[in-house]
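Chemist: Produce the entire structure from the sequences given, and follow the hints as far as they go.
Protein chains in written order, with the working numbering: chain A, 17 to 220; chain B, 311 to 904.
It should be emphasised that the hints constitute simulated quantities derived from the structure, not laboratory data. By construction, the Cβ of each residue, glycine as well, lies at the ideal position given by its N, Cα and C atoms. Incorrect hints may appear among the rest.
[Stated by the list, open to error] Computed spacing ranges between beta-carbons, pair by pair: (1) A/F76 x B/F650: 17 to 25 Å; (2) A/V174 x B/F650: 39 to 47 Å; (3) B/A357 x A/I96: 42 to 50 Å; (4) A/L111 x B/M896: 54 to 62 Å; (5) B/E480 x A/G146: 50 to 58 Å; (6) A/G146 x B/A451: 47 to 55 Å; (7) B/P890 x A/M100: 51 to 59 Å; (8) A/A163 x B/M364: 31 to 39 Å; (9) B/F653 x A/I96: 35 to 43 Å; (10) B/F653 x A/R118: 55 to 63 Å; (11) B/M896 x A/R110: 54 to 62 Å; (12) B/P715 x A/G146: 49 to 57 Å; (13) A/G112 x B/A662: 54 to 62 Å.
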Amino acid sequence: MSFLGELADKPWLTQGSLDGIPDAVESDLPTPQFGLRVFLGVVTVLFALFAVVYSERMLFSDWRTLPEPWLLWLNTGILILSSMAIQRAVNSARLGRMDGVRTGLVAAGILTLAFLAGQFWVWLQLVGLGYYAATNVANAFFYLLTALHGVHLSGGLVALGRTALKMQRGVEVGKLRMSVELCATYWHFLLVIWLALFVLLLNT
Amino acid sequence: MADVAPAGTEFIPPAEVEDVELYHAKTWVTKYVFSQDAKVIAIQYSATAIAIGMVAMVLSWLMRLQLGFPESFSIIDAGDYYQFITMHGMIMVIYLLTALFLGGFGNYLIPLMVGARDMVFPYVNMLSYWVYLLAVLILVASWFVPGGPTGAGWTLYPPQAILPGTPGSEAGVVLMLISLALFIVGFTMGGLNYVTTVLQARTRGMTLMRLPLSVWGIFVATILALLAFPALFVAAVMMTLDRLLETSFFMPTIISMGEMLEYDGGSPLLFQHLFWFFGHPEVYIVALPAFGIVSDLLSVHARRHIFGYRMMVWAIVIIGGLSFVVWAHHMYVSGMNPWFGFFFATTTLIIAVPTALKVYNWAFTLWKANIQLTIPMLFALGFIVTFVNGGITGLFLGNVVVDVPLSDTMFVVAHFHMVMGVAPLMVIFGAIYHWYPLMTGRMLDEAMGKFHFWVTFVGAYAIFLPIHYLGFLGVPRRYFEMGETSFIPESVQTLNAFVTVIVLIVGFAQFVFFYNVARSFFKGKDAGRNPWKATTLEWQTLESPPGHGNFGAELPVVYRWAYEYGAPGVEDDFVPQNIPPDEVKMAPGGATQT
Numbered sequence: 017m018s019f020l021g022e023l024a025d026k027p028w029l030t031q032g033s034l035d036g037i038p039d040a041v042e043s044d045l046p047t048p049q050f051g052l053r054v055f056l057g058v059v060t061v062l063f064a065l066f067a068v069v070y071s072e073r074m075l076f077s078d079w080r081t082l083p084e085p086w087l088l089w090l091n092t093g094i095l096i097l098s099s100m101a102i103q104r105a106v107n108s109a110r111l112g113r114m115d116g117v118r119t120g121l122v123a124a125g126i127l128t129l130a131f132l133a134g135q136f137w138v139w140l141q142l143v144g145l146g147y148y149a150a151t152n153v154a155n156a157f158f159y160l161l162t163a164l165h166g167v168h169l170s171g172g173l174v175a176l177g178r179t180a181l182k183m184q185r186g187v188e189v190g191k192l193r194m195s196v197e198l199c200a201t202y203w204h205f206l207l208v209i210w211l212a213l214f215v216l217l218l219n220t
Numbered sequence: 311m312a313d314v315a316p317a318g319t320e321f322i323p324p325a326e327v328e329d330v331e332l333y334h335a336k337t338w339v340t341k342y343v344f345s346q347d348a349k350v351i352a353i354q355y356s357a358t359a360i361a362i363g364m365v366a367m368v369l370s371w372l373m374r375l376q377l378g379f380p381e382s383f384s385i386i387d388a389g390d391y392y393q394f395i396t397m398h399g400m401i402m403v404i405y406l407l408t409a410l411f412l413g414g415f416g417n418y419l420i421p422l423m424v425g426a427r428d429m430v431f432p433y434v435n436m437l438s439y440w441v442y443l444l445a446v447l448i449l450v451a452s453w454f455v456p457g458g459p460t461g462a463g464w465t466l467y468p469p470q471a472i473l474p475g476t477p478g479s480e481a482g483v484v485l486m487l488i489s490l491a492l493f494i495v496g497f498t499m500g501g502l503n504y505v506t507t508v509l510q511a512r513t514r515g516m517t518l519m520r521l522p523l524s525v526w527g528i529f530v531a532t533i534l535a536l537l538a539f540p541a542l543f544v545a546a547v548m549m550t551l552d553r554l555l556e557t558s559f560f561m562p563t564i565i566s567m568g569e570m571l572e573y574d575g576g577s578p579l580l581f582q583h584l585f586w587f588f589g590h591p592e593v594y595i596v597a598l599p600a601f602g603i604v605s606d607l608l609s610v611h612a613r614r615h616i617f618g619y620r621m622m623v624w625a626i627v628i629i630g631g632l633s634f635v636v637w638a639h640h641m642y643v644s645g646m647n648p649w650f651g652f653f654f655a656t657t658t659l660i661i662a663v664p665t666a667l668k669v670y671n672w673a674f675t676l677w678k679a680n681i682q683l684t685i686p687m688l689f690a691l692g693f694i695v696t697f698v699n700g701g702i703t704g705l706f707l708g709n710v711v712v713d714v715p716l717s718d719t720m721f722v723v724a725h726f727h728m729v730m731g732v733a734p735l736m737v738i739f740g741a742i743y744h745w746y747p748l749m750t751g752r753m754l755d756e757a758m759g760k761f762h763f764w765v766t767f768v769g770a771y772a773i774f775l776p777i778h779y780l781g782f783l784g785v786p787r788r789y790f791e792m793g794e795t796s797f798i799p800e801s802v803q804t805l806n807a808f809v810t811v812i813v814l815i816v817g818f819a820q821f822v823f824f825y826n827v828a829r830s831f832f833k834g835k836d837a838g839r840n841p842w843k844a845t846t847l848e849w850q851t852l853e854s855p856p857g858h859g860n861f862g863a864e865l866p867v868v869y870r871w872a873y874e875y876g877a878p879g880v881e882d883d884f885v886p887q888n889i890p891p892d893e894v895k896m897a898p899g900g901a902t903q904t
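Modeler: Structural data, given as structure tokens:
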């Protein structure tokens, strides 16, 4: 029964009885996946609020647009590749192929580090051109949003590292699958967040 | 109550997830310090929250001493006074009430009441407490930095919060913002647990509509907090950057002390929107757990099922939803478009409908009930009266035309203290008297409890009723002293002195409560099992107080809702949720099967 459907229950009529109580396991998601989705919900709200504030603050007359380094497009490509790599790890884990999991995780880790390095490089370029955070609020937003996304991705790298450690310790594929799937959900989510931020930042 | 044929366990749906693997602590440190047991974490959260809350209480005495007897205390200057009001407000709202209701009662009650062995992510739950403690310590640290804690008012409005001239604008405000951000991170860790545990770890037969209302209140409040705290986080991060890196998210072009500052074109109003987008749901983050818990207290101590259970659940959900579309009623005087004010006044007044429904249902629950005037019941009754009182002044302030003249007066102070200060505290006290026997196995002393209740309850009215009146006279809030103000009569000073004396008396009564808690732990009357004859699962554990893993080898199976009190024909007047229908003891001659 749906969540709302359940809210229509009259519990005082069903004492000791099971009429109207579903007899199947309800949740489609295992608990860790469910918990992660709740967390991603919170992160979505966080970035959505930043997007609202950004759009609102943009309307003020002191807003000065900043250049769009071509490197951002390359970084975006790298992040897409890292998401694909981690998906490969998931697919391999589902098929029980440890070598595929290893390749996928290592590739995803390296690509993510490359993305973060690329983002940092963009910062250096902008600072080199004199676009400081204090100079204009558009610059400040750029640094703040990219930093926040980078922090979330770095947190993901910790989880990815722990999964890789588990793999090194020789945990069997079946037990690794959940961790790999959690990482993949998080990576795809952060890719979507980045794409949304990228559109927002280009739209100055 | 319908006559339903008893059913066997074989039809009862399986639990939504399998039994989780419990972490078994081996050393004293992992058992009591870095504990992953929700019950221990609950007590750590509660103790920390109450400790920092006592600091906030002392700050209120200092404020009242200044207001009641101005120019008598040379140790309190205007800057100190602003620091007192700021820290008092921030601590009470966030570090005491939010932490105690969600981190304290949430952790203790959710796993026990839904029939789980623990929270679903115990390690993250443990981290939640330690991050909270760190946030509290950073908050406390702001007393020991140059310039002291921030004195910007608990709303921390820019530009004044970070400009020289406001106490604590050097380091205090930075520590405040960092502490808030950490609090939010810590809370999110806990909140994930509370939501996921309620939705995924309920025991067999515990459908959503069989959950006690305490769980419903805490559950919906947690969802509100998970959605609302990010707004404060965003505001805190951007203000920290404005302060430290001189960005201009919120800071407008401004001349301070004759000097043109670096800031350029920012919007202080944007901060107000973010702050209140968090700030208004925050009121319900505190109120909804109080609503839930007080419903259970009333039902248990009046020996009657809660009236309109479904309506109560729906009202909690609807109030939660509405709380996100009323925030700008805190900003009627910010110069916003009058149509905006009209919209927010309308949504604000609509909230009164589900809220009034709850009040009626509490009253109907008591109607012709077998009311036991226990201490938890006294506090629950105190809550209803106080909440109605504060709610009605809320209707005044929700209307733009009434709010504008009353804005920033003592009337507002009296209103929010009644509705989200005294009322939730009544529930917290009631809940502590109610669940202390479960936590410790001993009863709190009743005579001291009665003294505590009456002094607190009557005292709260003696304090806040006059403050409403002061507000009507036009006495402004947040003023260090009145000076020569022609429209304020001299009698205001007499009233202020009276209020201060009462504040000190009520403060003293709280120490009687703390003494009671400490003394009863060693010398209290033995509580035995289920002293209040409650139906909910936390009283049906294998051992009392509940041990590690909460229940015995088998998790309980739930056969009914949480409100089977005064059941006809049953030997005792209640049936716990986990007693199979064929094991319910019937009174001799009783015919009806529950």
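Chemist: State for each hint whether it applies.
Modeler: Verification of the supplied hints:
Our hint of 17 to 25 Å for A/F76 and B/F650 holds, since their Cβ atoms are close to 19 Å apart. At about 43 Å, the beta-carbon gap between A/V174 and B/F650 stays in the expected band of 39 to 47 Å. Taking the beta carbon of each, B/A357 and A/I96 are about 49 Å apart, inside 42 to 50 Å as hinted. Between A/L111 and B/M896 the Cβ separation comes to about 59 Å, which falls inside the hinted range of 54 to 62 Å.
The hint said 50 to 58 Å for the Cβ distance between B/E480 and A/G146, and at roughly 29 Å that hint is violated. As the Cβ distance of A/G146 to B/A451 is approximately 37 Å, the hint placing it in 47 to 55 Å is violated. Distance hint check for B/P890 and A/M100: the Cβ-Cβ separation is about 54 Å, which falls inside the suggested range of 51 to 59 Å. A hinted range of 31 to 39 Å for the beta carbons of A/A163 and B/M364 is consistent with their spacing of about 38 Å.
The hint said 35 to 43 Å for the Cβ distance between B/F653 and A/I96, and at roughly 42 Å that hint holds. At about 57 Å, the beta-carbon gap between B/F653 and A/R118 stays in the expected band of 55 to 63 Å. Evaluation of the 54 to 62 Å hint for B/M896 and A/R110 yields a pass: the beta carbon distance comes to about 55 Å. For the pair B/P715 and A/G146, the supplied restraint of 49 to 57 Å holds, since their beta-carbon distance comes to about 50 Å.
A C-beta distance of roughly 59 Å is found between A/G112 and B/A662, which places it inside the suggested range of 54 to 62 Å.
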